[in-house]
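Each protein sequence line maps, in turn, to chains F and P.
In terms of our numbering, the numbers along the first sequence are unbroken and rise by one, the last being 291.
In terms of our numbering, the numbers along the second sequence are unbroken and rise by one, the last being 608.
You may find that some hints are simply not true.
[Stated by the list, open to error] One side only, chain P facing chain F, incomplete, derived with CB under 7 Å:
#1 PHE152
#2 HIS208
#3 PRO279
Please keep in mind that the hints were generated in silico from the structure rather than gathered at the bench.
Note that the Cβ used here is the ideal one computed from N, Cα and C, for glycine as well.
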Amino acid sequence: MTALDSHTQSSDTPIRHEGFLRHKRYRYLKAAVVISIVSIIVYLFVDVEPRHNGGTWYGYTLGTISTLLIVWLMLIGLRKRAITPGHWNLKGWTSAHVYLGASLLVLATLHTGFQFGLNVHTLAYTLMVFVIISGFYGVYFYATTPRRMSDNRAQRSQAELLTAIRSIDRQLREAAQPLDPAYVREVKRAISKTKIRPGLFTSISATQKRCATTHALKRLRHAAPSAPEEMRRPLEDIMAILERKNALLLRTRRHIRFTTLLRLWLHFHVPLAFALLAALVAHIVSVFFFW
Amino acid sequence: MAIRVEFIRRRPGGRITVRPTIYDKDNVTFGRATDCDVHLPDLRVGLHHARLICRTPEKARIEASTDYRVRVDGALIRRRDLSIDQDADVRIGPYKITLGPADADADLLIEIELVEAPTAVGESGDEDEIFSMKGYAPDKRISAWAVTVLVFTVFLAIPLIVYLDESGEPRQQRSTIDYLSPIANQNWLSGALSSAHANLGANCRVCHEQTFVRVRDDVCLSCHSQTRNHAPAQSLVAAAPDKTTRERWLSSLHNQLNIPEERCGSCHFEHNGANGVTPTSSSMCVECHSSMDRRFDETTLVNVINFSHWHPEFKPRIILDPQPDILSVQRISLVEHPKENNGLKFPHDFHLKDKEVIRKLATLGPVSQARYGDKLDCADCHQVDAAGAFITPIEMELHCGDCHSLAFVTEQNANVRFLPHGDPEDVRATLEDFYLAKATELLLGDRPSGVLERQLSAEARARRAQSQSSAFVDARTNTQNMIARIFSKDGICQKCHTTIDSGANSGMPRMQPVKLTNRYLPKAQFSHAQHMAGNTDCVDCHRAETSSHSSDVLMPSITVCRTCHNDTSGTKAIASDCLTCHSYHDDSNNAPLMTSTNAVVKFSDGAK
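Please construct the entire structure, taking both the sequences and the accompanying hints into account.
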């Protein structure tokens, strides 16, 4: 086994990879749990008039903490662009981002005092909940997708996947030389009409329907038994190549699906986070404007 | 064993170059990695792709490493035995590998030729296109800007624009602002207004006069100008407990931020729903009242912590002497079993149960019988007022008069004459008027009606002249006799009243005045109507059936209330906080808390 093999097959090696979720033995998970429990206990036992909401001293405290936390959580966008080594490495930040971000679900909910309405205040809360939920999706995909992705690629780079498909196309062209025009048309269609990248929803659902290669293979397979004797052998070659192409396309599309899943949540997470920041500013201004 | 590897390259013009290498071992490795024996620099080839093992000079075996396959005759295989004469098409990536017969130098010949075009490694335009989010989702930066601007516009800019516009002169015509105004108000509304203030919701500025300043008391008082304070400011300060560290810290924070404390809004929190504006928790009251005697000498109030265990026994208002000039009233705790001196003789038990009363009721006319039935009950005399709160004052004519009739004569035309109730002088005047009128009639009327003058005998005429001559003297005598009878020991008045002075000197007796208490507990609110629901009866709380003297105070003890009322609600308990009975800003005259010096003591006349 080569050095490259041993690196990628981490599950077989004794060196344990510590991801951002497990960073420093779940330091920030513990911190988030402690913060949440303490805030719930205080919420239950503190006596505020007339009832819990954002306007009591405890409400203001929770609101201030939550606001600062949201601003800090959003700074990860700057932090990840500034590469620094050391104690506060990006993995630590990400770990804290995930767990402390999740603890906002408790802090901000207690801040609301369970008073909701159709207004900017509940809008800010709702946006925050959506940001956190999209973040949970991100965590899930970050935790599960990379391994499946690398298993899927089988040590090839994504560029290599494309090169391999192109190479198969060349082989197809080469192998189709002795065929009759009717068969050649199918092969040509498989070469030129195959769209590696499907639409968003097809990509996420990872189906191979409506793929020109699959289609050509099906037609040729159907036609092969009735083909003339001298066509049999080249047709079989072509079908074998098409099957390889099909398999490769499946891998490539799965790869596209994985890269999409790894990024798509961010397209909700980031804009919603900015919308939340705007709503938060409006919330704070409105509350003190008409104090 | 030795293996000869030849790289074959076809040059333009049909020239062929061969680059041979001899490996003095029985296997060679193929791969893209430079440490492979045969370096195949193409991306379609794995780093350590395969190994070819020479078995005999004619036979070899090709083995792909874990993640790769070798294509033999179009099929991807993991390992395959090959022979020279087999002429198999062996491919590793774009390279074709052919086995050939050995020569003098080696046992096996391997020819390698690049048969497919080499892959373009640097070509990455496609890759960016295919593996990016292009077409799948808009750029994050663009969408972030878009939603941020949208939220700012709708939830910050519009309310601010509406605010700035509303601060100007009112316009004649409706404009866009008027349509935006409800949206702006709704956007910023922090919670539903209380039902009392719901009409103010259209314009935030009615209460929020100044921006970034808490609603000031002036704004509240502009409508609630009649609201009384709980106590004078200095008393409130004196009675308040010492501030805790947190409160001191909050106070100093408020001072630094110029935020006023002890506002209307310190207790009354708006935007908390329909009933939210009035605080209901007892904790705010208990804060001061739990240990007030330690801080505030002037108070006569006993400490209160809760209703169920730490509330003093009721102290009803007890009349000790009903004389108007020395009217003496004291609040005496029921613990001391106070006795009242209201000037009235009234045994409740007799009226509710005695046979004499039942017999008397049977003699009444049909209207009265329909009213009372065959025996008296509480509601026959005690009626709840229109608000359902208190019992209307007792009036003699209305509540007693049917049995204790003040009728003193029925005239010839069936007209019943009643004595007035309340003032002995009035009684005397009424009787005097009546008898003088009779005397006048006698003087004017010379004969009884229906009898002719000539039909009268001489004796009758003499008797008439006699009575006419003494008419006024008789009237006075009759009046005095009547008064003596009425006010005598067995007279009608003495049934309920006592005589202070028999009137031997002045001619008129003096009666003990009656004062009935209208509200025994003036500092508490109570609704009889609410308590009379279900099977509750008056005597469940007021023990009238066993009371034989009007001096008995029939107010129920706090323990009676506690059978149903508790601090928190439960299966058999009704939650009761301070405001269930008391009021903080009571603006009625009857129950101003802590401002007893201003209290107007109001009793029912009761003795009309």
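Exercise. Close enough to count: is the Cβ of PHE152(P) nearer than 7 Å to one in chain F?
Worked result: With Cβ-Cβ at 5 Å, under 7 Å, it holds.
Exercise. Close enough to count: is the Cβ of HIS208(P) nearer than 7 Å to one in chain F?
Worked result: At about 4 Å, which falls below the 7 Å cut-off, the nearest Cβ of chain F leaves the hint on HIS208(P) intact, so it holds.
Problem set entry | Hint status (Cβ of PRO279(P) to nearest Cβ of chain F, threshold 7 Å) | PRO279(P) check passes; min Cβ-Cβ to chain F is 5 Å, inside 7 Å.
The earlier numbered hints are all upheld by this structure, with none contradicted.
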